[in-house]
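The listed protein sequences correspond, in order, to chains A and B. Every letter in the first sequence is one number past the one before it in UniProt numbering, and letter 81, counting from 1, is 81. Every letter in the second sequence is one number past the one before it in UniProt numbering, and letter 269, counting from 1, is 269.
Don't read these hints as lab results, they were simulated from the structure. From the three backbone atoms N, C-alpha and C, an ideal C-beta is built for every residue, glycine too. Keep in mind that the hints are not guaranteed to be accurate.
Said to hold, decoys possible - If you want a taste of the chain B side facing chain A, the calculated C-beta under 7 Å gives, among others: (1) Asn195; (2) Ala237; (3) Ala244; (4) Asn283; (5) Asn308.
Stated by the list, open to error - Have a look at the derived ranges for each label pair, beta carbon to beta carbon: (6) B:Ala491 - A:Gln19: 48 to 56 Å; (7) B:Pro235 - A:Glu56: 17 to 25 Å; (8) B:Lys228 - A:Tyr23: 40 to 48 Å.
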Amino acid sequence: MTTIQDNAAELPALIGLVQQVAYDLPAGYAISAGSRFVEDLGLESVNRLMLMTLVEQEFGVSLEQHMPALIELQTVGDTARFIGSLRAGR
Amino acid sequence: MEFTTLLTTARAHAGGRIEARRSDGEDIAVGFADFIDSAERLAGRLRAAGLVRGMQIGLQAPNVYEYLVWDLAAVALGAVLQAVPEDLPADKVAGLVEKRDVALWVYEKAENFAGVANAVPLAAALDGSTLPLDAAAAALADADLHSRVYSSGSSGYLKGLNISRRGTEVLVSDFVAAFGLCASDSHLIFLPLSNYQQRLSVYGCLWSGASFKLVRHTAVFQELGRYKPSFIVAPPAIYENIYAQYGRGPDAKDKLNAFLGGNIRFMITGMAPIRGAILTAFNQLGLRLLEAYGVTETGMIAWNTPRNQRIGSVGLPIHPEQLHFTPESEIVIRRPHPLSKGYFDSSESDSSNTFLADGAIATGDIGALDADGYLSLSGRKKEIIVTSGGTKFHPEEIERSLASIEVVRHAVVLMSRNDNRLVAVLVVPDSKDAAATRLVDDGVQAINAAAPSYKSIHRRVLTETLPSIENGMLTRNLKYDRKGVYRLFQAEIEQQG
């Protein structure tokens with residue numbers, strides 16, 4: 001289960017980016033760490049590619065080498081932690 | 001464009017450049033002349049190894065530089081390139097290899113070709129290694145056969161298409177002329193080369209001298225700003241995403257130009273319908289987004305061009321005299337040189353429904369011409385609803401109205417089987433909320449009031465389930481799978497009351 005302590009510092013900014021790419025969602029829909037990209041947010045692969053681009057710009061990381069790992073990430077919280085680990089150089 | 005002079009023509013374009021990643025991961029930039037040299041050297045090695053006109057080279061590879069070298073070497077020799085989709089799994093690849101009709105296989109993933117004697121890695125295009133041809137593989141006799149490609153049918157199985165040499169030449173020539181392709185153009189190719197459209201673009205660029213960059217689709221958004229292309233070809237989802245991020249606000253024009261690289265002359269969309277609002281918005285901001293229409297079986301049929309554009313249509317037919325309609329308004333194309341010569345590895349019914357006995361090609365699309373000759377599409381023939389009174393109409397127009405109700409994210413309209421009534425399956429994120437339900441019902445009532453009675457929605461089914469390929473509500477081409485939606489909601493659809 002995801003707890004507040006588990007959440008990466010990148011989560012709030014990432015939620016903002018996800019909100020931008022999930023433009024089909026109704027206004028006011030609450031995206032959380034547990035939101036799943038496909039099942040809950042209805043993101044298609046193109047939306048996720050745009051999200052990657054925005055993440056690279058926002059967090060100054062390069063994701064190109066990490067495609068296989070990124071595809072496996074199902075939730076917003078998992079992705080925030082992954083970005084956090086990249087930024088920490090882990 | 002003519003294949004017999006494509007290599008010499010490309011070589012003469014001194015300013016033409018290709019940027020791409022090689023299979024070893026190195027990013028390279030080469031002039032057309034160097035590229036043609038590489039293709040001709042490879043053609044010489046293939047010829048020395050025993051390859052003759054009509055023999056097949058099978059290729060399973062992503063968008064890398066060597067793909068282009070193999071393709072142009074095949075052009076130089078008159079060999080037939082069999083372009084296998086990059087993601088075709090090993091067991092299906094094994095099925096193709098077993099046929100023993102391909103002289104040489106070229107691969108990226110060695111595991112898909114383990115134990116295959118006549119197979120080499122992509123890099124063999126450039127490294128001078130031995131090319132172990134299967135001399136027993138027969139040459140195909142049809143001199144007009146240029147390539148064998150696969151397109152995925154909506155049900156997910158692969159359809160093999162034989163591509164015509166002359167059909168390709170005619171289509172590329174039409175494209176270069178209609179869009180004024182020239183040496184000052186630059187094109188970003190990111191969709192897979194195994195999808196034939198991209199190879200048509202490559203031939204068009206080589207013929208006209210336009211430079212191009214080949215990347216993987218996952219890099220499309222980053223590469224637009226980096227490469228600064230003058231034109232791109234992309235499905236609607238790409239433009240919708242770009243618009244959603246950068247297309248709004250007072251500085252939308254600047255933001256869009258910055259994201260797209262600032263050098264766009266035109267952008268083409270097709271493959272699926274695009275929302276009119278997106279088309280209008282891009283064009284109003286000075287970015288020429290042009291909708292085009294074609295099917296792989298016959299090639300491009302109509303397109304909006306920089307010179308002739310009407311938003312809401314798919315443009316003027318390229319050759320109006322080749323366009324015909326059945327009494328049901330299905331578009332049928334009768335042309336001397338269709339892009340495809342027919343299916344291979346496909347069922348008889350698939351073939352006879354599309355490639356008609358008189359040589360015409362039935363598109364399965366319903367359309368009409370306006371007074372000025374612009375073509376509009378209204379849906380697929382197989383999705384037409386026939387009422388009990390015999391009236392026919394396409395559900396997409398009602399679905400568009402329903403999807404414009406504020407809380408409705410997706411709408412699929414079906415006919416119930418028990419009582420022949422129109423039923424709307426509506427995806428509403430908060431379907432139990434009374435205010436949302438009221439909005440839906442008011443919206444449906446308003447739509448019904450404005451429509452003839454046979455188009456009246458009799459029942460609505462509300463669901464929070466988002467359509468996906470996995471749950472059967474979407475086809476592999478990301479269109480609504482009406483049979484799948486029916487299966488999922490059959491009980492509610494058939495519930496009378």
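We went through each hint and held it up to the structure:
For Asn195 of chain B, the interface hint is violated, since its Cβ never comes within 7 Å of a Cβ in chain A; the closest pair sits about 15 Å apart. Interface restraint check for Ala237 of chain B: the shortest CB-CB distance to chain A comes to about 4 Å, inside 7 Å, so the restraint holds. The beta carbon of Ala244 of chain B comes within 4 Å of a beta carbon in chain A, closer than 7 Å, and the hint placing it at the interface holds. Hint on Asn283 of chain B is violated. Least Cβ distance to chain A is approximately 20 Å, over the 7 Å limit.
Taking 7 Å as the C-beta contact cut-off toward chain A, the hint placing Asn308 of chain B at the interface is violated, the least distance being around 29 Å. A hinted range of 48 to 56 Å is violated for the C-beta pair Ala491 of chain B and Gln19 of chain A, which are about 35 Å apart. In this structure the hint that Pro235 of chain B and Glu56 of chain A lie 17 to 25 Å apart at CB holds, the actual value being about 22 Å. Look at Lys228 of chain B against Tyr23 of chain A: about 26 Å separates their beta carbons, and that is not inside 40 to 48 Å.
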